[in-house]
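Chains as they are written, first to last, in my numbering: chain A, 1 to 382; chain B, 1 to 382.
Keep in mind that the hints were calculated from the coordinates and are not lab data.
Heads up, a few of these hints could be off.
Which copy? The list can't say, so a pair holds if one copy fits it or any two copies do.
[What the hints assert, rightly or not] Lysine to aspartate or glutamate pairs mimicking DMTMM-like chemistry, simulated, CA-CA at most 20 Å apart:
1. Lys106 with Asp141
2. Lys180 with Asp291
3. Lys106 with Glu377
4. Lys229 with Asp274
5. Lys180 with Glu202
6. Lys106 with Asp95
7. Lys106 with Asp144
8. Lys229 with Asp330
9. Lys229 with Asp189
10. Lys229 with Glu202
11. Lys180 with Glu377
12. Lys106 with Glu34
13. Lys229 with Glu20
14. Lys229 with Glu49
15. Lys229 with Glu201
16. Lys180 with Glu201
As a plain string of letters, each chain reads:
2 protein chains.
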Amino acid sequence: MTGPFDTAEYRARVHAAQGEMQAEGIAALLLTTEPELRYFTGFLTRFWESPTRPWFLVLPAAGDPIAVIPSIGAALMQQTWITDIRTWRAPDPADNGVTLLAGTLKEAAQGGDIGTPMGFESHLRMPLANLARLQALLGRDLRDDADIVRRLRMVKSEAEIAAIATACAIAGRAFARVPKIARTGAPLDRVFRDFQRLCLEEGADWVPYLAGAAAAGGYADVISPATTKPLERGDVLMLDTGLVRHGYFCDYNRNFSLGPPDADTRSAHARLIDATHAALDIARPGATAADLFRAMDAVLTGGQGRGDAGRLGHGLGMQLTEGLSLIPQDHTVLQPGMVLTLEPGCEVAPGRMLVHEEDIVIRDGPAEPLSPISGPEMGVLE
Amino acid sequence: MTGPFDTAEYRARVHAAQGEMQAEGIAALLLTTEPELRYFTGFLTRFWESPTRPWFLVLPAAGDPIAVIPSIGAALMQQTWITDIRTWRAPDPADNGVTLLAGTLKEAAQGGDIGTPMGFESHLRMPLANLARLQALLGRDLRDDADIVRRLRMVKSEAEIAAIATACAIAGRAFARVPKIARTGAPLDRVFRDFQRLCLEEGADWVPYLAGAAAAGGYADVISPATTKPLERGDVLMLDTGLVRHGYFCDYNRNFSLGPPDADTRSAHARLIDATHAALDIARPGATAADLFRAMDAVLTGGQGRGDAGRLGHGLGMQLTEGLSLIPQDHTVLQPGMVLTLEPGCEVAPGRMLVHEEDIVIRDGPAEPLSPISGPEMGVLE
Numbered sequence: 001m002t003g004p005f006d007t008a009e010y011r012a013r014v015h016a017a018q019g020e021m022q023a024e025g026i027a028a029l030l031l032t033t034e035p036e037l038r039y040f041t042g043f044l045t046r047f048w049e050s051p052t053r054p055w056f057l058v059l060p061a062a063g064d065p066i067a068v069i070p071s072i073g074a075a076l077m078q079q080t081w082i083t084d085i086r087t088w089r090a091p092d093p094a095d096n097g098v099t100l101l102a103g104t105l106k107e108a109a110q111g112g113d114i115g116t117p118m119g120f121e122s123h124l125r126m127p128l129a130n131l132a133r134l135q136a137l138l139g140r141d142l143r144d145d146a147d148i149v150r151r152l153r154m155v156k157s158e159a160e161i162a163a164i165a166t167a168c169a170i171a172g173r174a175f176a177r178v179p180k181i182a183r184t185g186a187p188l189d190r191v192f193r194d195f196q197r198l199c200l201e202e203g204a205d206w207v208p209y210l211a212g213a214a215a216a217g218g219y220a221d222v223i224s225p226a227t228t229k230p231l232e233r234g235d236v237l238m239l240d241t242g243l244v245r246h247g248y249f250c251d252y253n254r255n256f257s258l259g260p261p262d263a264d265t266r267s268a269h270a271r272l273i274d275a276t277h278a279a280l281d282i283a284r285p286g287a288t289a290a291d292l293f294r295a296m297d298a299v300l301t302g303g304q305g306r307g308d309a310g311r312l313g314h315g316l317g318m319q320l321t322e323g324l325s326l327i328p329q330d331h332t333v334l335q336p337g338m339v340l341t342l343e344p345g346c347e348v349a350p351g352r353m354l355v356h357e358e359d360i361v362i363r364d365g366p367a368e369p370l371s372p373i374s375g376p377e378m379g380v381l382e
Numbered sequence: 001m002t003g004p005f006d007t008a009e010y011r012a013r014v015h016a017a018q019g020e021m022q023a024e025g026i027a028a029l030l031l032t033t034e035p036e037l038r039y040f041t042g043f044l045t046r047f048w049e050s051p052t053r054p055w056f057l058v059l060p061a062a063g064d065p066i067a068v069i070p071s072i073g074a075a076l077m078q079q080t081w082i083t084d085i086r087t088w089r090a091p092d093p094a095d096n097g098v099t100l101l102a103g104t105l106k107e108a109a110q111g112g113d114i115g116t117p118m119g120f121e122s123h124l125r126m127p128l129a130n131l132a133r134l135q136a137l138l139g140r141d142l143r144d145d146a147d148i149v150r151r152l153r154m155v156k157s158e159a160e161i162a163a164i165a166t167a168c169a170i171a172g173r174a175f176a177r178v179p180k181i182a183r184t185g186a187p188l189d190r191v192f193r194d195f196q197r198l199c200l201e202e203g204a205d206w207v208p209y210l211a212g213a214a215a216a217g218g219y220a221d222v223i224s225p226a227t228t229k230p231l232e233r234g235d236v237l238m239l240d241t242g243l244v245r246h247g248y249f250c251d252y253n254r255n256f257s258l259g260p261p262d263a264d265t266r267s268a269h270a271r272l273i274d275a276t277h278a279a280l281d282i283a284r285p286g287a288t289a290a291d292l293f294r295a296m297d298a299v300l301t302g303g304q305g306r307g308d309a310g311r312l313g314h315g316l317g318m319q320l321t322e323g324l325s326l327i328p329q330d331h332t333v334l335q336p337g338m339v340l341t342l343e344p345g346c347e348v349a350p351g352r353m354l355v356h357e358e359d360i361v362i363r364d365g366p367a368e369p370l371s372p373i374s375g376p377e378m379g380v381l382e
């Protein structure tokens with residue numbers, strides 16, 4: 001399958017981008033990354049794991065997108081709504097599609113500006129030497145895309161929201177089964193493997209992200225892979241998963257206590273849930289990303305600032321994190337259809353923290369939870 | 001855990017890179033991608049799945065590397081052998097580490113050239129706008145790294161080879177269990193989920209890559225995700241996995257026939273195994289990547305050229321594909337320690353192909369298989 005959406009959805013995305021391109025004076029967009037290509041085409045493959053082959057999409061300010069891709073992807077691209085598919089035999093270390101791409105961009109831009117994402121969260125997925133060669137062939141430099149693609153992707157369609165809700169429901173069923181796989185004495189790396197297995201059994205297509213930790217009364221870190229250390233009574237086990245269904249992520253976590261939590265841990269967890277609700281209560285159109293940060297930070301620190309984790313939530317969708325950041329500097333105004341995480345964290349003691357995370361979608365009126373919002377009590381494991 | 005290797009291994013890698021840097025006149029290297037950072041530090045996390053935060057490593061031509069990273073990664077980086085760790089609070093859309101990075105590069109390069117990977121298979125994992133800002137702060141442009149990092153990574157240490165062998169053994173045990181999960185009537189997407197589960201049960205840390213297909217007498221495509229179509233008698237089921245253990249990949253596949261294969265399919269599969277052996281027989285130091293291509297192509301097409309898949313194998317290690325390509329244009333000379341796949345493919349009928357893949361390591365003398373080389377007969381499923 002090449003994505004869960006019908007052609008009308010992709011055409012609407014292209015149309016919206018083209019409106020912005022015309023306003024910004026951009027005659028053609030060059031897109032090079034997995035989510036950018038998939039957003040406009042529905043092209044869904046795990047083959048991006050290989051760094052060898054570049055993939056390009058050229059989006060003119062009017063007319064349909066043109067795929068400029070390695071021939072190994074032609075059969076799959078033909079299953080999408082894209083009809084203009086130009087291929088080369090990759091890998092070809094000498095050219096690797098640059099000549100074909102330059103010709104296509106010239107044709108699409110007709111002498112006008114060519115944009116590509118250059119701002120926050122972007123990267124160009126092609127060698128810099130090939131960018132230089134491309135610009136020489138074009139006789140001009142690429143310009144910034146004015147953040148068009150990132151901004152468009154922030155507001156999800158109902159079909160996208162449904163896909164994320166499905167991913168969240170799968171993770172919810174997996175979290176409910178954690179007591180079966182995580183007990184005192186179980187090595188953390190086995191718990192990680194077993195939890196990924198549960199995600200697959202519950203319907204994940206794949207599990208690109210799992211982080212977590214287990215330590216007495218809180219953990220030092222939320223991005224580490226698993227150690228072989230067995231779970232001990234008094235540990236807090238945190239599992240944070242980004243599983244994918246039909247190309248869309250969930251991203252939320254659960255904390256569990258091995259045996260009953262002590263008073264500090266219990267109170268810290270309850271405070272995280274309070275912070276989550278403080279943001280949820282004001283998460284509606286017109287509020288800003290910074291407002292949600294401040295609502296949580298008031299509960300967490302009395303408004304003192306922020307933890308070293310850097311932000312208290314973020315957008316998500318085709319990527320584990322994308323779009324807005326719940327930080328004081330992000331003044332993005334919430335709109336219906338934005339999907340985001342609320343991710344409050346707090347330090348229980350020096351070097352020991354707890355982090356909690358839920359997923360929500362902004363609606364007209366109150367926000368809608370996509371993950372099953374946790375109560376104040378942590379799950380207790382034996 | 002931050003990788004399976006001891007500090008001496010990372011120091012040896014740094015030392016080798018520094019020798020080449022001095023020969024090329026490069027005073028400091030800037031590295032920005034996951035495998036590049038991990039190669040020199042052992043920093044292993046799945047957090048790279050998030051595109052929001054850039055991560056940098058500065059490698060001076062003499063002295064230890066310097067990590068310039070978001071503070072969320074400091075605790076994990078401190079577990080590696082790296083001691084000079086400089087952090088900023090990310091995400092910070094306004095600067096996002098560029099100022100800190102510029103200062104560190106100036107200090108490390110002392111006015112000399114600063115290189116970064118710009119060639120084949122590389123990309124720069126930071127926004128282009130931030131590259132421009134960095135170069136403005138430095139008062140100079142970055143230059144190409146002369147392919148130093150890619151070339152070094154091609155030749156694996158014994159510890160790396162052992163890690164890849166472990167990944168291959170895990171996949172081998174999972175492939176052996178395929179008859180339990182793939183029978184006539186099983187939907188392909190369920191087979192994909194179940195196969196990933198088997199990989200985890202057999203010891204994979206995670207399963208970043210699974211592709212495959214099932215169709216009568218051969219498939220049109222080897223990069224597609226699974227459809228919901230049930231397996232039918234007469235189908236060839238192909239599963240191609242890149243699972244990870246301790247940060248190292250395997251990458252090989254197996255073809256299975258639903259019911260006994262017909263004569264054409266059987267003969268095509270046997271030819272792929274013949275082609276694999278033709279390459280294996282000559283895979284030793286001194287032969288080139290192109291030689292292996294030609295040895296396989298002679299069996300596959302009588303030396304006519306190549307399939308649209310583009311290459312008949314590739315290097316692997318920290319990435320699913322990396323380093324050399326078995327194509328006529330790649331004249332890389334094989335050296336002991338190079339790990340690669342042999343991946344012959346053939347067209348059984350128009351639009352229907354079979355592809356086979358195994359993993360080997362180049363040794364003094366004959367190459368050593370890392371995956372259990374398949375016999376000529378396909379596995380038969382009920």
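Hints the structure fails to honour:
2, 3, 4, 8, 12, 13, 14
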